[in-house]
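There are 2 protein chains.
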Amino acid sequence: MRKLLHNEILKERLTIEEAQTAQKHPISILLHNIRSMYNVGSIFRTCDAGRCEELILCGYTPCPPRNEISKTSLGAVETVRWRYFKDTTDAIYYLRMENKKIFALEITDRKRYYTQIKSKDFPLVVILGNELVGIDQFILELCDDAIEIPMFGVKHSLNVSVAAGIVIFELVRLYRRFSFGEIW
Amino acid sequence: MRKLLHNEILKERLTIEEAQTAQKHPISILLHNIRSMYNVGSIFRTCDAGRCEELILCGYTPCPPRNEISKTSLGAVETVRWRYFKDTTDAIYYLRMENKKIFALEITDRKRYYTQIKSKDFPLVVILGNELVGIDQFILELCDDAIEIPMFGVKHSLNVSVAAGIVIFELVRLYRRFSFGEIW
Chain Z
14 MRKLLHNEIL KERLTIEEAQ TAQKHPISIL LHNIRSMYNV GSIFRTCDAG
64 RCEELILCGY TPCPPRNEIS KTSLGAVETV RWRYFKDTTD AIYYLRMENK
114 KIFALEITDR KRYYTQIKSK DFPLVVILGN ELVGIDQFIL ELCDDAIEIP
164 MFGVKHSLNV SVAAGIVIFE LVRLYRRFSF GEIW
Chain S
14 MRKLLHNEIL KERLTIEEAQ TAQKHPISIL LHNIRSMYNV GSIFRTCDAG
64 RCEELILCGY TPCPPRNEIS KTSLGAVETV RWRYFKDTTD AIYYLRMENK
114 KIFALEITDR KRYYTQIKSK DFPLVVILGN ELVGIDQFIL ELCDDAIEIP
164 MFGVKHSLNV SVAAGIVIFE LVRLYRRFSF GEIW
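For the protein sequence lines, the chains are Z and S, in the order given.
Numbering of the first sequence is given in this note's numbering, commencing with residue 14 and proceeding in unit increments.
Numbering of the second sequence is given in this note's numbering, commencing with residue 14 and proceeding in unit increments.
With the rest of the complex left out, here is chain Z (with noise of 0.2 Å):
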């Protein structure tokens, strides 16, 4: 086998016009109060590479332009739409005007695992928390339902960015079935 060259990678890529007009897939990402920019710029390039449909920012969570952001999100801040909320109630408010189903990552009662979404939950929106406290009751309150992945080993959870990256990629795997019938 052969690794690709970087102008044969190119080609499989949007380009950034393409990108900016192309079809979104209906995964949005809800950063509640995050801290770390790094995580913050990790995450933008992820929802770039799912090619999702809106990064909200809420809380205290830093916004671009911040160099550590860009830096860390390779330049996704550039094709990735994102908005800004002060309140994440607000946030959640409009979102359900816009129709978006939302869905809480924490560890909950609930139980449901995040490859249990259904072709009926998009669009959606899921909401990740503080890197240390995760969501809170009151925010817990207003979704839909919770998701959670489960967890094999000792520590409580995944770092968020990473957690991020699980969850983003298994929707979009299943919502590309449900819509396109694609199989992988």
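For identical chains, the list gives no copy identity; a pair is met inside one copy or between any two copies.
Taking lysine to any residue pairs in the SDA-like style, the calculated list, with each CA pair at most 25 Å apart, reads:
#	residue 1	residue 2
1	Lys99	Glu81
2	Lys168	Tyr97
3	Lys168	Thr34
4	Lys84	Glu144
5	Lys24	Lys84
Please keep in mind that the hints were generated in silico from the structure rather than gathered at the bench.
Since the model is a prediction, treat every value here as computed from it, not as a measurement.
Use these hints to put chain S onto chain Z, whose structure you have.
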């Protein structure tokens, strides 16, 4: 729905003693010339969460004990088995002697998705390459196959610790389906 309390979550997790004797998933991760200690720490944390067999650190990939690794791993350095090989070629030689299949996570002409791993491919090792240049062609030629994560945006690739998370959790899901009939 209700967010679980700290002690309720603890009850769902393994203790350190249990983790050390628990049957691991036959999934190992090999890091080839990873530069960032934060990426290494984050991958330790994900290997704990996925109860991976082993993390193999090669080349100039930084090894524990390092404060930056401990910090991002949140202590998973204590629960995940790891080895260091200066030479990735040697590591592949020994892993193959242990009857493991060797997969590269790299963009190649193979175009096999990370979701297309079969029951007979376990036990396996996934090699993740350097943040900038990925996996060298001469390492690729020592592998049984290459897998890749499809990219739907402008950027070439994901952050290496995010990519590791996506692949590890899909492999855990597939392994548990093949071995225990778990469907999730």
